[in-house]
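Trainee: Those sequence lines, one after another, are chains A and B. Just so we're aligned, residue 29 is where the first sequence starts under this note's numbering, counting upward by one. Just so we're aligned, residue 238 is where the second sequence starts under this note's numbering, counting upward by one.
Everything labelled a hint here was simulated from the structure, so no lab data went into it. Heads up, some of the hints might be wrong.
What the hints assert, rightly or not - DSSO-like cross-link-like pairs, simulated, lysine-lysine; straight-line CA separation at most 27 angstroms: (1) Lys-130(A) x Lys-292(B); (2) Lys-308(B) x Lys-294(B); (3) Lys-308(B) x Lys-130(A); (4) Lys-307(B) x Lys-130(A).
To be verified - Which bits of chain A does chain B cover? Going by a derived footprint, with three or more residues having C-beta under 8 angstroms, they are: (5) 60-66; (6) 72-80.
From a predicted model like this one, the values you see are computed outputs, not experimental measurements. The C-beta atom is built at its ideal place from N, Cα and C for all residues, glycine as well.
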Amino acid sequence: AQKITQTQPGMFVQEKEAVTLDCTYDTSDQSYGLFWYKQPSSGEMIFLIYQGSYDEQNATEGRYSLNFQKARKSANLVISASQLGDSAMYFCAMREGSGTYKYIFGTGTRLKVLA
Amino acid sequence: DVKVTQSSRYLVKRTGEKVFLECVQDMDHENMFWYRQDPGLGLRLIYFSYDVKMKEKGDIPEGYSVSREKKERFSLILESASTNQTSMYLCASSLFMGLTNEQFFGPGTRLTVL
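I would like the entire structure built from these sequences, with the hints used as guidance.
Mentor: Here's what the structure looks like:
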């Protein structure tokens with residue numbers, strides 16, 4: 029069954045440093061999409077970045093990049109030059125290509141950026 | 238910009254009450270979703286709808302029902318609220334097809350059942 033695993037419940041990072049948030053997934057589909065969302069304390073989920081299973085290059089969006097290792101079934105989020113405003117919950121999610129409408133979410137990682 | 242709105246940010250209800258949570262999106266999205274979010278459990282899908290009057294159960298539909306009479310509106314109904322339904326409820330929408338279509342979320346409703 030499809031599953032998303034985020035093994036880091038909480039992390040700290042110093043301001044201006046880079047941080048990697050881990051995400052592994054399990055699917056039997058060849059076609060799938062992977063998403064990262066940010067949830068600040070206000071509660072609203074914000075889409076950050078997307079990686080398709082057939083994309084050969086790692087996705088990047090500004091300070092966010094996705095370290096996609098297909099053989100290892102991992103899709104780690106890398107945040108460069110951390111800012112205080114990056115403190116939030118981060119969720120990894122997957123959507124399979126087998127005609128489902130569903131998105132599967134991990135349990136999240138709470139990131140705290142230290143000044 | 239896509240806008241997903243939810244009727245209340247905070248709601249307090251009593252056990253046994255019928256509770257309605259409303260969600261409206263303004264981008265003509267076909268898909269709409271209701272999740273509940275609990276600490277350590279992430280987001281769990283309650284119901285989703287892929288068209289008007291169409292709905293499918295998610296992973297935890299027990300105790301909930303939904304209604305989608307218009308494309309832009311998706312309602313979550315707690316027929317008889319119980320204390321174990323105290324949670325954060327998130328509504329989301331997305332375009333119909335395509336792996337690349339991210340979900341757009343509302344601000345959430347924090348429901349407390351006493």
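Trainee: Hint compliance check: list the failing hint numbers for this structure, sorted ascending.
Mentor: none
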